[in-house]
Every structure is written in C-alpha cells, then in structure tokens.
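Chains as they are written, first to last, in my numbering: chain Y, 1 to 250; chain E, 1 to 243.
Take these hints with a grain of salt, some might be off.
[As the list claims (entries may be wrong)] So, partial list: chain Y residues that the calculated Cβ filter (under 10 Å) puts toward chain E: (1) K45; (2) F70; (3) R77; (4) T78; (5) I80; (6) Q85; (7) S87; (8) N104; (9) L105; (10) L233.
[Claimed, not checked] Computed cross-link-like contacts, DMTMM-like style, restricted to lysine to aspartate or glutamate with a CA-CA straight-line distance of at most 20 Å: (11) Y:K108 / Y:E71; (12) Y:K45 / Y:E25; (13) E:K21 / Y:E71; (14) Y:K109 / E:E20; (15) Y:K45 / E:E113; (16) Y:K130 / Y:D91; (17) Y:K5 / Y:E213; (18) Y:K45 / E:D116; (19) Y:K55 / Y:D6; (20) Y:K5 / Y:E25; (21) Y:K108 / E:E20; (22) Y:K108 / E:E28; (23) Y:K114 / Y:E96; (24) Y:K45 / E:E119; (25) Y:K181 / Y:D206; (26) E:K21 / Y:E97; (27) Y:K114 / E:E20; (28) Y:K123 / Y:E182; (29) Y:K231 / Y:E219; (30) E:K23 / Y:E113; (31) Y:K114 / E:E28; (32) E:K23 / Y:E96; (33) Y:K123 / Y:D206; (34) Y:K157 / Y:E185; (35) E:K23 / Y:E97; (36) E:K21 / Y:E113; (37) E:K23 / Y:E112; (38) E:K21 / Y:E112; (39) Y:K157 / Y:E182; (40) Y:K45 / Y:E57.
These aren't lab readings, by the way, just hints derived from the structure by calculation.
Computed from a predicted structure; not experimentally measured.
By construction, the Cβ of each residue, glycine as well, lies at the ideal position given by its N, Cα and C atoms.
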Amino acid sequence: MIEVKDIVKTFGDNEVLKGISAQFEQGKNNLIIGGSGSGKTTLLKCIVGLHEPTKGEVLFAGENFTEMNFEQRVPIRTHIGMLFQNSALFDSMTVEENIMFPLNLFTKKTLEEKRERANFCLKRVNLEGKNALYPSELSGGMKKRVGIARAISMQPKYLFVDEPNSGLDPKTSILIDDLIKELTEEYQMTTVVVTHDMNSVMGIGDHIIFLHEGKKWWEGTNHEIAHTDNKELNDFVFASKFMQAAKAKL
Amino acid sequence: MFHSLGRYILLLRLSFRQPEKFKVYWAEVMREMVSVGIGSLGIISIISVFIGAATTIQVAFQLSSPLVPRSIAGSIARDSTILEFSPTISSLVLAGRVGSSIASQIGTMRVTEQIDALEIMGVNAPGYLIAPKIIAGMTMVPLLVIASIFLGITGGWIACVVSGDVSPADYLVGVREGFDGLTVRVALVKAIVFGFIIASICAYQGFYTSGGALEVGQSSTRGVVYSCVMILFADLVITRIML
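Sequences and hints are given; from them, build the entire structure.
Next comes the structure, spelled out in structure tokens:
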C-alpha cells in the first residue's frame, strides 16, 4: 500500500498541490483524475520521487520514502515500474534491450534467464517476436505495450502509469486499460494511474481521486462517480454531450 | 552564474558516484569511446592534414630569406602543430562534433522522460549518462590529438612535396631538429583538459534541458559555445603555466 500524507508542492510562488492525503491500496487500480493543471502529474511525480514535496510524506508499505536519500530509495525503486506518457523507451536500445535494462543493472540473472524474462514480458503484452525492433520502428500503442513490458520486467509491487491513453485510438486505449487491469490483478500490484480519459475511469477505476485546483476534491469508485452531486466533478466527468447522454440513461 | 557553477559541480559529483553495476557502465564507456574516438577520426584527419600543409606553406613564405635556413619551416610547423593546432583546433572541432551530439542526446533524453525513467528504476542517471562520456572524452581526445600531430606534420611534408617551397629533405631535418619533449607533454595535458571540458559542459547543458525540441537545440548550441570559450581560456592558462 502507498500512503501520501498532506503533500504540498510549490514551484516558486505557485502552490500546485495544497495538502493532499490519500491511500492507494494493493491489488487495485487507483486513478488520479482531474482537469489540466489540477496537479495530478505533479502528485504522481511527488509519489515516485521525481519531485521532492515541499511538505508532507509518501509512505511505501509504511516506509517513509520522502525522508530517504538516493541510496536508501534504490531497494524501493527496484519494486517500482512506471509507464510514461510518451513511453520513454531508450531510443538507442532495441525492445529486448529496453526490457532487459533493469535486469542487467539490478539482478544477477544470466543472459539466457534475462532473455527468457524479456520474452515472457513481451508475450504478456502480445508483442512476441518484436525483440529486435527499435522504438522508432514501433507504433504509439506498441510503444506503450513495450513500456508496460519494461515496467513489469522486475515484477514490481508498485505500478505507476501517466496518461496511458494519450495519443491512442479508442480501441488501443481500451486494450492498454485492460492490460493494466489484468496485470494489477495478476501480480497484486498497487497501481496508480493518472488519466483524464473517461473510458479508463469507468473501465478500470477501482478507486478514484479527483483533484481540483491542487486539492483532493472527491474520492470514490467508478460506480459512485456516476451518481455524485459534486459540482466540479460532474462538470469534469460529464463535460461532453456523449457523457451527458450516458448519464441521462443511468 | 554561481548558481550554474554550483549545479555543474554537484552534477559532476553525482556523475562519479559508485556505479550500480560496473559491467554495464564499462560497456557504456566502450561505446562512448568508439563514438568519440573512431567517429571523429575522419574529420580530425582531414583538418590536421590541411592545417599542417597550410602552416608549412605560410611559414615558408614568411621566412623566405637567404639568411634563414629552409629547415626552420619544419621546426616551426612542428611546434605550432604540437603546441597549438593539434590540441586546440582539433578540440574546437570536436566541441562542434562530439559536444553538440552529447548535449542533444542527453537533452532529448531529458525532454522525452528517458532520464526520469532511469531515475525511477533506481539508476544514478548522471553516473550512467555523463561519467562514460567524460571518461571517453578524457581518453580519446588525447589519442586523437596524437593522431592529429602525426597527420599535421605529414600534411606539412605533403605541402613541401607538392609546392616545392621547401624541399622535403629540409622539412624533415627541421622536424627532427631541436625537438623538446615538453611540447608533447603540454599538448597531452591540453587534450585531457579539453576532453573533460567538452564532455562535461555539453553534458551539463543537455542534462538540465527543459521544454521541447527547440530547447534541445538551444542547449546544444550553448554547450558548444561555452565549451569553445572554455577551451580557449584553458589553452591560455595551460600554456602560461607549462611553458
């Protein structure tokens, strides 16, 4: 489980996060949603340590991650997998090398064992046989899937996903969402997904946090979100005519 | 300025922290050595031969007096090549070729979140990305400078053969006459320092890039410009101290 306590993050005079507390449970897809500039990516970066919070704590299974130095964080980081918005695959490496990279650095596996693991991860994301391709030779959806394969190569306890559906067509988006959901259940990971895609919210949102103006505005499940009377959340979720029509049918 | 200097020093300190796995870093050092060394050999060869040839012709022209022995052209061309042209001009060219590549590569990795991905994995990103480049710069630039010295002197000899301003025999006598090993030591010290300057400054510029493609280009340009200025400044300091 991951716990964030009273996280404040300021950039200069701009207070982006204004005291956010939340718990992200194991085996669940925890979604952070909100409009552009609401602070959801900043919160994600504070949780994984890419930003240092101005105030507050992040606890991974009770261990205070915020107070740790670089070396102390490494054992926790080896249990973290992350899928970035643009996949962030290493351009100079093939698909297989990308997946094997953390294994090369943090395990004592033989080359054969690492190859086997890379093949397993690729099979899991339905990209068998794409080992020798470079990221530039992949489509957006394939890059996301390789990103997921790299993220799960170390069998992480925590999976962080930043905007998994950005730049993808609806069908591929659903494929990626389903994959995240399946892997979360299969490996019993604590998954935190930052998104503003309503299909993801309704499809995989076991636990949803809605951020508005740097504050936690609402918290609940994908079933509860359709019936909330929270104005800001309703304005966000049901902004499109399609969603308004869908709500009317509920 | 002091803020940037502080960040630069801190980045260098982070770069030389103990690696997670030496084998992976060593492979990276080898890759960078090939990129910096072998990749730059062509351009360094071309400029060295031409500069050596042009220097010899100019020296021969300026010292065209019956009172001055013709072999002096070889001595002056040799010392100019060893002390200044090979280390400094080669390094300025390398700042353009290698430095811009380092800054844009690391800058692109920054804006496409590849550096974030390294950090999330628990990899010391400055150590993995910057240290191998600095090591490659400090080892390969001196080797390139040695090659440049030989090619520059050969270029001078070719100029003598082609132009006939100085006979090749006189030129070779001049090249051998009054050789002082200190000049080579000065050239090598310069090359090591210049290699460090190129790799570290350009890596720093790339590492702290923020924004997009435009900013990557700006970082690359800044890296090359600052490296060139620092190379010329270091050239003056080393020359003053060692000669």
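Results of checking the hints against the structure:
Against a cut-off of 10 Å between C-beta atoms, the interface hint on K45 (chain Y) holds, since the closest Cβ of chain E lies about 8 Å away. This hint holds: F70 (chain Y) has a C-beta 7 Å from the nearest C-beta of chain E, less than the 10 Å allowed. With a least beta-carbon distance of about 3 Å to chain E, the hint placing R77 (chain Y) at the interface is held under the 10 Å criterion. A cut of 10 Å between beta carbons decides the hint on T78 (chain Y): the least distance to chain E is about 6 Å, and the hint holds.
For I80 (chain Y), the interface hint holds, the least distance from its beta-carbon to any beta-carbon of chain E being 6 Å, beneath 10 Å. About 7 Å separates the beta-carbon of Q85 (chain Y) from the nearest beta-carbon of chain E, less than 10 Å, and the hint is met. Because the smallest distance between the Cβ of S87 (chain Y) and any Cβ of chain E comes to about 8 Å, under 10 Å, the interface hint for this residue holds. Below 10 Å, beta-carbon pairs count as interface contacts, and N104 (chain Y) has one with chain E at about 5 Å; its hint therefore holds.
For the restraint placing L105 (chain Y) at the interface with chain E, the shortest Cβ-Cβ distance is roughly 5 Å, inside the 10 Å limit, so the hint holds. The beta carbon of L233 (chain Y) comes no nearer than 29 Å to any beta carbon in chain E, farther than 10 Å, and the hint placing it at the interface is violated. Simply put, K108 (chain Y) and E71 (chain Y) have alpha-carbon atoms about 19 Å apart, close enough for the 20 Å limit, and the pair holds. Taken as a hint, the K45 (chain Y) and E25 (chain Y) pair is honoured in the structure, with Cα atoms around 18 Å apart against an allowance of 20 Å.
For a cut-off of 20 Å, the pair hint linking K21 (chain E) to E71 (chain Y) stands: about 14 Å separates their Cα positions. About 15 Å separates the Cα atoms of K109 (chain Y) and E20 (chain E), which keeps this hinted pair within 20 Å; it holds. Distance hint between K45 (chain Y) and E113 (chain E) is fulfilled; the C-alpha atoms sit about 12 Å from each other, no more than 20 Å. With a C-alpha separation of about 15 Å, the suggested pairing of K130 (chain Y) with D91 (chain Y) holds against the 20 Å cut-off.
Note on K5 (chain Y) and E213 (chain Y): the hinted pairing holds, with a Cα-Cα distance of about 18 Å set against a maximum of 20 Å. In summary, the hint linking K45 (chain Y) to D116 (chain E) is supported, as the alpha carbons are separated by about 10 Å, within the 20 Å threshold. For the hint pairing K55 (chain Y) with D6 (chain Y), the CA-to-CA distance comes to about 7 Å; that is within 20 Å, so the pair holds. Between K5 (chain Y) and E25 (chain Y) the CA atoms are separated by roughly 14 Å; this keeps the pair inside 20 Å, and the hint holds.
With a C-alpha separation of about 12 Å, the suggested pairing of K108 (chain Y) with E20 (chain E) holds against the 20 Å cut-off. Distance restraint check for K108 (chain Y) and E28 (chain E): the Cα-Cα separation of roughly 19 Å lies within the 20 Å cut-off, and the hinted pair is therefore satisfied. The hinted pair formed by K114 (chain Y) and E96 (chain Y) meets the criterion: a straight-line CA distance of about 9 Å does not exceed 20 Å. In summary, the hint linking K45 (chain Y) to E119 (chain E) is supported, as the alpha carbons are separated by about 11 Å, within the 20 Å threshold.
About 10 Å separates the Cα atoms of K181 (chain Y) and D206 (chain Y), which keeps this hinted pair within 20 Å; it holds. Of the pairs offered as hints, the one joining K21 (chain E) and E97 (chain Y) holds, with about 16 Å between alpha carbons and a cut-off of 20 Å not exceeded. Taking the CA atoms of K114 (chain Y) and E20 (chain E), the gap is about 17 Å. The hint holds against a cut of 20 Å. A threshold of 20 Å between alpha carbons decides the hint, and for K123 (chain Y) with E182 (chain Y) the separation of about 14 Å falls inside it, so the pair holds.
Distance restraint check for K231 (chain Y) and E219 (chain Y): the Cα-Cα separation of roughly 14 Å lies within the 20 Å cut-off, and the hinted pair is therefore satisfied. Restraint check: the Cα-Cα separation between K23 (chain E) and E113 (chain Y) comes to about 17 Å, which is no more than 20 Å; the hinted pair holds. Distance restraint check for K114 (chain Y) and E28 (chain E): the Cα-Cα separation of roughly 19 Å lies within the 20 Å cut-off, and the hinted pair is therefore satisfied. Among the hinted pairs, K23 (chain E) with E96 (chain Y) is consistent with the structure: their alpha-carbon atoms are about 18 Å apart, no more than 20 Å.
Taking the CA atoms of K123 (chain Y) and D206 (chain Y), the gap is near 26 Å; set against the 20 Å cutoff, the hint is violated. A threshold of 20 Å between alpha carbons decides the hint, and for K157 (chain Y) with E185 (chain Y) the separation of about 11 Å falls inside it, so the pair holds. The suggested pairing of K23 (chain E) with E97 (chain Y) holds, with an alpha-carbon distance near 15 Å, which does not exceed 20 Å. For the hint pairing K21 (chain E) with E113 (chain Y), the CA-to-CA distance comes to about 18 Å; that is within 20 Å, so the pair holds.
Of the pairs offered as hints, the one joining K23 (chain E) and E112 (chain Y) holds, with about 17 Å between alpha carbons and a cut-off of 20 Å not exceeded. Straight-line distance between C-alpha atoms of K21 (chain E) and E112 (chain Y) comes to about 18 Å, which keeps the hinted pair within the 20 Å bound. Distance hint between K157 (chain Y) and E182 (chain Y) is fulfilled; the C-alpha atoms sit about 14 Å from each other, no more than 20 Å. For a cut-off of 20 Å, the pair hint linking K45 (chain Y) to E57 (chain Y) stands: about 13 Å separates their Cα positions.
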